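Novice: Sequence:
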Amino acid sequence: MLSLYRASRVAPRARSIEVVRCFSVRSKGLLEKPLPPRIVIPETDITESFLKGSGPGGQKINKTSSAVQLKHLPTGIVVKSQETRSREQNRRTARRILGERLEELEKGPQSRTALKADKASKKKASAAKKSRRKYRGLEEGKATSNASADASAGEEQARIEESSDDFYSASQTLSHEVNDQPDKGAAEPKT
1 MLSLYRASRV APRARSIEVV RCFSVRSKGL LEKPLPPRIV IPETDITESF
51 LKGSGPGGQK INKTSSAVQL KHLPTGIVVK SQETRSREQN RRTARRILGE
101 RLEELEKGPQ SRTALKADKA SKKKASAAKK SRRKYRGLEE GKATSNASAD
151 ASAGEEQARI EESSDDFYSA SQTLSHEVND QPDKGAAEPK T
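Take 1 as the starting number for the sequence shown in UniProt numbering and just add one per residue.
Treat the hints with care, as some may be off.
Once the Cα atoms are required to be at most 30 angstroms apart in a straight line, the calculated DSS-like pairs of lysine-lysine come out as [claimed, not checked]:
id : residue 1 : residue 2
1  : Lys124    : Lys33
2  : Lys119    : Lys134
3  : Lys123    : Lys142
4  : Lys122    : Lys134
5  : Lys124    : Lys142
6  : Lys107    : Lys122
7  : Lys116    : Lys134
8  : Lys80     : Lys107
9  : Lys33     : Lys130
10 : Lys71     : Lys60
Label-pair restraints from in silico Cβ distances [what the hints assert, rightly or not]:
id : residue 1 : residue 2 : range
11 : Tyr135    : Arg91     : 47 to 53 angstroms
12 : Lys124    : Arg85     : 33 to 39 angstroms
13 : Lys122    : Leu51     : 37 to 43 angstroms
14 : Thr144    : Leu115    : 41 to 47 angstroms
15 : Arg132    : Pro36     : 31 to 37 angstroms
In case anyone wonders, no lab produced these hints; they're calculated from the structure. This structure is a prediction, so every number in the text was calculated from the model and none was measured. We put the CB at the ideal spot given by N, CA and C, even for glycine.
All chains, please: the whole structure from these sequences, using the hints.
Specialist: Dropping the structure here:
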């Protein structure tokens, strides 16, 4: 699907009108396969009856015969629809549902509903795979950052231990030097 639109605008501090033409291509629509056409059911193969509705909808739905029941004579499939309070809308809905059921029976996995369900499941699986890939990348990033943080913490600990060893050896050396020298301020022992 190719769409074209034209927009014109006045540029700031300019006395001319700038015309902008934009094109957009919807590639997704070009790649999708069209669904097979719906089955046309002859009126002679259908028995139609109108029933009183039941369930939620108030007193009106219980009093009027707006629910539609279709029976396909060759196969014996029975479909009932009472989605709305309108008889005509229920007739259309019941015919659509009956057509889908007959198509599933006739074509099997090549029917419209099977193709739609397959497409939806593939889309769901793709989204789940994308999500797993995203979070796996995040987990790997956390693991590498934790590993690098652990490594840097280990290096820091090694530096601290090394500096404490240096400090300890320096203090030991200093204490030996101090103990070896006589105290200048103290009186020397008399002999």
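Novice: Does each hint fit the structure? Answer for all of them.
Specialist: Hint check results:
Annotation: proposed proximity of Lys124 to Lys33 holds, straight-line Cα distance about 18 angstroms (limit 30 angstroms). Our distance criterion of 30 angstroms between C-alpha atoms is met by Lys119 and Lys134, whose separation comes to about 22 angstroms. A threshold of 30 angstroms between alpha carbons decides the hint, and for Lys123 with Lys142 the separation of about 29 angstroms falls inside it, so the pair holds. Annotation: proposed proximity of Lys122 to Lys134 holds, straight-line Cα distance about 18 angstroms (limit 30 angstroms).
Our distance criterion of 30 angstroms between C-alpha atoms is met by Lys124 and Lys142, whose separation comes to about 27 angstroms. For the given pair, Lys107 sits about 20 angstroms from Lys122 by alpha-carbon distance, which is consistent with the 30 angstroms threshold. Distance hint between Lys116 and Lys134 is fulfilled; the C-alpha atoms sit about 27 angstroms from each other, no more than 30 angstroms. Restraint check for Lys80 and Lys107: satisfied, since their Cα atoms lie roughly 22 angstroms apart, inside the 30 angstroms limit.
Taking the CA atoms of Lys33 and Lys130, the gap is near 23 angstroms; set against the 30 angstroms cutoff, the hint holds. For a cut-off of 30 angstroms, the pair hint linking Lys71 to Lys60 stands: about 25 angstroms separates their Cα positions. Tyr135 and Arg91 have their C-beta atoms about 49 angstroms apart, which keeps the hinted 47 to 53 angstroms range intact. A hinted range of 33 to 39 angstroms holds for the C-beta pair Lys124 and Arg85, which are about 34 angstroms apart.
Look at Lys122 against Leu51: about 39 angstroms separates their beta carbons, and that is inside 37 to 43 angstroms. Between Thr144 and Leu115 the beta carbons are some 43 angstroms apart, a value that agrees with the proposed interval 41 to 47 angstroms. Checked against the hint of 31 to 37 angstroms, the C-beta distance between Arg132 and Pro36 comes to roughly 33 angstroms, which is consistent with it.
Hint compliance for this structure: no hint is broken.
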